[in-house]
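The primary structure of each chain is shown beneath.
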Amino acid sequence: MVFLFYLLTAIMLISALMVVFSRYPINSVIYLIICFLMVAGHYILLNAQFLAVVHIIVYTGAVMVLFLFVLMLLNLNAKIDTHRSVLIRIAAVVSGGLLFLVLVAALKGSLTAPLSGKFDSSIGLVKNLGMVLYKDFMLPFEMSSVLFLSAMVGALMLSKRQ
Amino acid sequence: MNKISSAIQVIPVEHYLYISLAMFAIGFMGVLFRRNTIIIMMCIELMLTAVNLLLTAFSAYHSDSAGQVFVFFIMLVAAAEVAVGLSILVMMKRKVDSVDIDVLTRLKG
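Those protein sequences? They're chains A and L, same order as listed. For the first sequence, position 7 (counting from the first letter as 1) is numbered 7 according to the working numbering, and the numbering increases by one without interruption. For the second sequence, position 90 (counting from the first letter as 1) is numbered 1090 according to the working numbering, and the numbering increases by one without interruption.
Hints were generated in silico from the structure; no laboratory data involved. Hints are supplied without guarantee of correctness; some may be wrong.
Said to hold, decoys possible - Listed below are several chain A residues computed to face chain L (Cβ distance under 8 angstroms; list not exhaustive):
| hint | residue |
| --- | --- |
| 1 | Leu-71 |
| 2 | Val-104 |
| 3 | Asn-128 |
| 4 | Tyr-134 |
| 5 | Phe-148 |
Stated by the list, open to error - Far from chain A by the CB rule (all over 12 angstroms, computed), these chain L residues:
| hint | residue |
| --- | --- |
| 6 | Val-1099 |
| 7 | Thr-1105 |
| 8 | Arg-1106 |
Here the structure is a predicted model, which means the values were calculated and not measured. Here a beta-carbon is modelled for each residue, glycine too, at the ideal position from N, C-alpha and C.
Please construct the entire structure, taking both the sequences and the accompanying hints into account.
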């Protein structure tokens, strides 16, 4: 189990790095799909099956296909992406590393509070989560459908030819 | 089912904190590193996913399902954001024939 956790983590972080550093945009998309599949594996390891399924359907199924379609439609893979200057690239890597360092230093000792005593392993199942979603979070759920409708109309309006 | 959920008992929650922070930092670095707008949007997705992973880990460790509902809503907002962002990208490609983020400085007016 511990081995599986570290394997998933290693593949996830390496493919996340490859998203940033790969030369062709299409390779970035493929690496991002791998990364998201590993995150779905983490969800299953955390016993959040509903989120794992939704993550695969929404991200790997819908969002990544959208990215791939835009890449193909715009023909962005034809030439290699022009990179920034070396100075800016070094600055980006250094500031990313510094952000990681600062966040780790700030949050290192913050998790000393003991976890709640009773442990329920079934909270991530569809039955449980559906009850919570439709009882306690009914209004946000309906509002998100309005958000989706407005996003759809906005995307159509934006991409329409004048 | 019991075998899978035993991961929570053997792995401390700090490890999820560290891998989520690492993934968030990688996404942040990618936003600064690349010029291609579509890859910058992919790095934003990486950052959102890192936050989702941490929320799910805390929710599972504290046996509180509200965190997983929040992850669900973050996924919905991310999907809407990608749809609008990619249509802006398509329009930008059509207008200025480039997806370079530096070209967008003309939006300052």
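Going through the earlier hints one by one, which of them does the structure break, listed in rising order?
Result: hints 4 and 6 break, sorted rising.
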